[in-house]
Each structure stands twice: as structure tokens, then as C-alpha cells.
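Engineer: Assemble chain L onto chain W, guided by the hints.
Protein chains: 2
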Amino acid sequence: MASPPIRAVIGQAGGPTAVINQSLVGVVQGCLQAQGIDQVFGALHGVQGILAGDLIDLTDEEPATLERVAVTPGAALRSVRMKPTPEQVVQVVKALESHGIRYFFYIGGNDTAETALLLLEAARERGQELQVVHVPKTVDNDLAVTDHSPGFGSAARFVALAHMGDELDNLSLLGVKVNVVMGRHAGWLTASAALARGRGDSGPHLIYLPEQDFVMDEFLSSVSDCMDHHGRCVVAVSEGIHDADGVLISQGTERDSHGNVQLSGGGVGELLVAKLRGALGSKIRARADTFGYLQRSFPGSVSEVDAQEARQVGLAAVEFAMGDGKPSGSVVIRREKGIEYKVRYDLAPLEGLAKKTQVMPKRFMSGPHDVSPKFLEWLRPLVGDLPRTGSLGHYPIPPA
Amino acid sequence: MASPPIRAVIGQAGGPTAVINQSLVGVVQGCLQAQGIDQVFGALHGVQGILAGDLIDLTDEEPATLERVAVTPGAALRSVRMKPTPEQVVQVVKALESHGIRYFFYIGGNDTAETALLLLEAARERGQELQVVHVPKTVDNDLAVTDHSPGFGSAARFVALAHMGDELDNLSLLGVKVNVVMGRHAGWLTASAALARGRGDSGPHLIYLPEQDFVMDEFLSSVSDCMDHHGRCVVAVSEGIHDADGVLISQGTERDSHGNVQLSGGGVGELLVAKLRGALGSKIRARADTFGYLQRSFPGSVSEVDAQEARQVGLAAVEFAMGDGKPSGSVVIRREKGIEYKVRYDLAPLEGLAKKTQVMPKRFMSGPHDVSPKFLEWLRPLVGDLPRTGSLGHYPIPPA
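Here the protein sequences come in this chain order: W and L.
Residue 344 in my numbering is what sits at position 344 of the first sequence, and the numbering runs on without skipping anything.
Residue 19 in my numbering is what sits at position 19 of the second sequence, and the numbering runs on without skipping anything.
Read the hints as simulated data drawn from the structure, not as lab findings.
Worth double-checking, as some hints may not be accurate.
Since the list can't tell identical chains apart, any single copy or any two copies may satisfy a pair.
Below 25 Å or equal to it, Euclidean Cα-Cα: the simulated DMTMM-like pairs (lysine to aspartate or glutamate) are [unchecked claim]:
| # | residue 1 | residue 2 |
| --- | --- | --- |
| 1 | K83 | E114 |
| 2 | K283 | D54 |
| 3 | K283 | E87 |
Next comes chain W alone, as it looks inside the complex (with noise of 0.2 Å):
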């Protein structure tokens, strides 16, 4: 009798990037190279689908296929955002079990790292043969060990050319602006629009971040002297920007199974909007946007670098699969030192990813509402070249 195939499954969770199937194909193309795996299955809407049973051979998708996706916003296996109950982690791990799969490749953030974790220890009391690797995905960049994450070069590229935009809309119209983006507890991707700034006076003129404590009085007054010096003001902030009690500036109510509160969307900008013309006046031409979704999901601002990273994460994840001791982690991006941009791919243990957030540190911040030259050099080849704009010389005509 032959031995029953060995199986391959790959799952999404999470928000979806404008890369994340970039790495789902990476791992397909993967698991179709490797020898040792025989199938491989997708798992719609990650661990739901495995209890469900909704799971989809992928073994014979055409490579033409599979290239489409690869380029293709959104989750092609659909997502979810389920932590899963000690119950349904042994439903999950035993249905894994009966469909002979001996790898699971979870695409996800931090709580998608945590259930990969809890399915690991699972098979592993039940002595079953499971290798589960997560392969890093997150808009907002808050990964730990990870120097950054997939998706996120993708997203900052939206954001940083977002503000190259409203910035010149501003300069065109004057006021004040209000832009708030993506990141609840971490800043990177509001930090990114400072990637937008061009000539000496352009902005965002102002970034809030999650990491520091906001305080409504410095924001203002600072707001107050950037109109007095430029006529205008460009701010990013942070949807996650909170007080010194750690309470929300705009405090949404939802919350998901991970205990995540649901930020509701024109909140934080139109609060701050309507404190701003309380403290300069009504009159003053106050507007807010809030990026929302266009941030992951865009297709018009993708980064080259963060596609090629994506689709290495997925490749990656199953050469370590099937690598000595057959281990199980998560991939994790590590930048090489020198002036050139270089990465490696390594699998640390997912105990160091599972529920953690990885904020801004220190040295990446300047002042209570700015970014470091160090953060730009670190974020520039992530979110590669922006394109070149111009603006006309001036010569002033003497009055007639």
C-alpha cells in the first residue's frame, strides 16, 4: 500500500494587505518545489474554514493563476479575525490530523502568531505531527523581532504618497489639514508621511504618534504657530493617539475576539477639527480625512521592495519547514548592516511574536511631534522612490 499523501495547509488572518497574497503564493510555490509535501490545501477564512471544513486543493492552480493573485489586494483565501477557544484549538489540530496535514503556514500579525502558537502546543500534547509556521504580515508594522513586516511598505508608500498630495492640495487652498492614519498602538505607518516632505516649509508639518502620551493644549498652540509661520498645516495622527490615562482621544466601543477595540472612522479627525476651531476660531478652513481602508488595500501604491519581501517571507517559511529538526516559528525579516539595503530571512520562536507589539522606539521619534532622520533613512528603501514633483520659480512682478 503507498503511504497516504503528505499535506501542506495555508491559511490568512487578519487585515488584509495590498501584498498578502504575494506570500500565499510564495508558500504554494513553495510546498509545489518541495519534496516532502505532496498537497497542498488553502483553508478559507484561516482557522473557521479548517473547522468548517471549508479547505480548497491548491495543488493544481495554473502558475499564470497564481501570478494574478499574487498581485492582487485583499486575502484570495478570505481572512478572519477569530482567536480560537481551547476547544477549538483541539478541533482545529485534530481536523488537521485527518487530513493527513502535517504543515500549517498561518499568514497574520501578532494574534494570528498567538493562535499558530496555540495550535503548536496542542499537536504537541496530543503528540501529533504538526509543524506550524507563521509568515508576517501587518500594515501597521508592529511585529516584534521582525526588523518590519510585509504589508507595511506597501501601506507607508500609500500614506507617504497621500500626503505628497494633500500637502500640495493645502499649499494650494492654506489651513489646516487633519490626516489620520492606521496604527493603534504603533506609529510607523503615521511616521511614514513624513516621507512626503519636499521643500523646507513642506509638511505634514506635524506627526502624532501612539508612543507619546498627546496633549490637546501642546497640539493646538503648536497648530496655532505652524499657521502663524506658514498660513497652513499639514498633521498626521495616529488613529491610536491617546491621553496620559492611556484613554483613546476618540474611544471607540466595539471590540473583536482578541479584546481589540474597533476604532470607529471619522472620530479622532473631526474631534480634533472642531477643537481646533474652538482654539483659533470658527473661521479658520479646518479639514479632516481619515485614510481607513485605502491604507491596506490600494492597488495603485504598491512597493516593489515590500512585494519581493512578501512573496520571500511565503518561500521562506516552507524552506524552513522543511529544514533539520523540523521546526516551527515564524519568519522574521533581518537587515543586514551597510549603507546598502540588504535582508535575510530567519524563523524565530512564535513565543516572541504571539501578542506582542512592537512600538516606535525612542530613537526613531524627535520632539512630541516628529520623526528622526534616523526613522528615514530606515523606512526609505521599504517604501522605494517617490515620484519627483516641481513647483514653479518665483519672480515677483513690481507693481504696475
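Structural biologist: Frame of chain W; chain L shown alone:
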């Protein structure tokens, strides 16, 4: 004694677009080539700059600078929202006369056409030699007479791309997503979301335009039906949707000097989400995004056709102005009949565009919440090819 130099001046007004500087550069290039114009000036912040004496000389700008300016979003001459009073109108035309300016090119929307008309009438009344040519721009596409307006194609491309990405995001995590799109009185931009549709079940599933009264009960039951069918629902709504009495679903409070209400950012979307939670249950995953100023300024979604036409209307404005009879007017785009997309430029009387709003015609709409195939046929050439996305085949795995 040599005769005094003949001069032209250019201004930009209203909300900027991603390609408004193409038109600026078109006018500058046209003036530099024209026999009969010696110098070309720019008015900073439109008529406000003429009143304040804020003029700059554009005659000696390097061609390379102009080309970089052309691909830069925002108004390079800075913009203004200002309807001059009768006294200011006279001041403006006198200032033009004192600078030896015979040609005034004003890039903007229907309010700008109105200002252009006021200036023209004042000059005629004074017996002053002045030609005023309005160069069309608007992301809203609400200008009368012209087939479409430069600026619209790129904004429509942004809205279509945003919905492509957001649709795939929604497919990943399901639930209701409401996207609020610019367009106060005209639904052209909101309607462009329909280009994002790919597969049979893909969104946006519902599209609400200000051309039709918004009926809350119809909206709630249509979303509910859509959720029953697809487990999800992507909705594109115009910021300007209103009830049968004409009252905006989200009423703003500020008005500019043209009497336009300034709509607030998150209002309509958050309100619809609250209504949906009330009707479909608070557990429903419902989110709203308001695209805001990104629609008119994002540097990563310019339509090539739009950019070309924006340049051409600038060049055409000068050509018309130098023609026989020294005409004033507004440059409009006429679409040629035929399968292949082709346009020609024409000069229409300012009276035909000033203060007029071109809404979507009935033949471009379909039922209470959709657009017609005729509209998409009209729209596609203005937006250009959209990226091709891919999806996995569905090869379900039988239960183990």
C-alpha cells in the same frame, strides 16, 4: 518708442486636481508659442493675487521645470475660492489693464467660469481690451456643455482603484462597507466606483447618487438583501445624498463665499453605519470610509487620457484666444461619434457654464442604486485600463 509688451495672465481657482497643472503648463506653453503675447504672468491664488498684486513672471520658466510642474498635483499657482464683489471685479480688471494684460486665462470649475464672466462684462463695460478664457477643471465633472472635465478622469480612476481594493478587502472579512465619495450635486465620481466590478458578485453592490432622492428604508432593505445574498455589501454613496425634501443626509454648516455648503468629513458614512446597526443588529460588521481630498490629489492614480486632455485644454485656450474675432469663452471637450474614443476642443460662451451644474442624465442611471452600461461605456476611456486582478479556483476538499 517701442509699443508696450502684450501680456497674458493665468490663475487657478477652486479645488485643485491631480492634473490641473497640466492645464497651467498648456496655457504657459501656448502663450510662449503665440505670436502676439510677449509675456506670461501667473496670479497667485487667482483673482485674490491680482487684487493683492501677487503676480509672478512665468515667461522664463525652464521647459524641464514646467514638465515637472505638469505632473505635480495641486495648484502650482495656488488656488482660491472667492467670488469677487462688484467693486473687486472692477479692481481686478483695472489691475489687469495697468499691467498691460490683454488675456486672462482662468482654470477652474463653474464658480470660476462665473468669475471669468463677471470680469469679462466689467472689461466690456469699461471699453477695456481684455479676453477672458475659462479653462475647465473639476473632479466632480459637473460642468455644463463639455462632455467631461479635465481632473475628473484621474479622480474617477482613484475612486475605481479604491473600490477595487476595498471590494477585495470586504471579500476577505465580509460585512458592510460604505464608501463616501465626493460630488455635492452630481454623482459622476461616485458612479465611477462601478468600474471596480469584476466577477458577477463583486461590488460595489449599491451606488447612491445625489441625482436621486435617498430613501433610508430602501437603503436599509437593499443592504439587508445584499447581505443575505453575498454575506457582504459594498456601498458607494455620494457625500451629497439627500432626502425627498432636498435635505442632506448629513447636513454641513459652513458655507463659502459662493454659497456652497462645506460638507464635513465622516458624517454621512458614520450615520449610515449607525442606521445599519440599528436595522440589521449591532453585531453586524459595518464600516465606513470617506475618501476625502485624496480623490483629487493622490499622485498614484493619474489617468493618462485625463493628463493629456488637461494639457490640451490649456493649449487650446490660447489658440482660441488668438483666433479671429478675439473671442472669450470656456474651452469645452466635444466627444466625436464612433467606436474609437476621440475628442475635439471647442470654445463655448461663458454664460453656458457659469454657475451651472451638469448632473448625471437619466440614461446613465439604472434603478434606485445603480448605473447603466451606457455610463460605463462613456466612462471607460476617461479612466484608462485598470489593473487586472486574479482569484483562486475553487476546488473544494471533501470531508476527511
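Engineer: Next, verify each hint and record whether it holds.
Structural biologist: Hints, one by one, checked against the model:
1. K83 with E114: Within one copy, since 8 Å is at most 25 Å while 59 Å is not.
2. K283 with D54: between (56 Å within a copy, 23 Å between copies)
3. K283 with E87: between (59 Å within a copy, 23 Å between copies)
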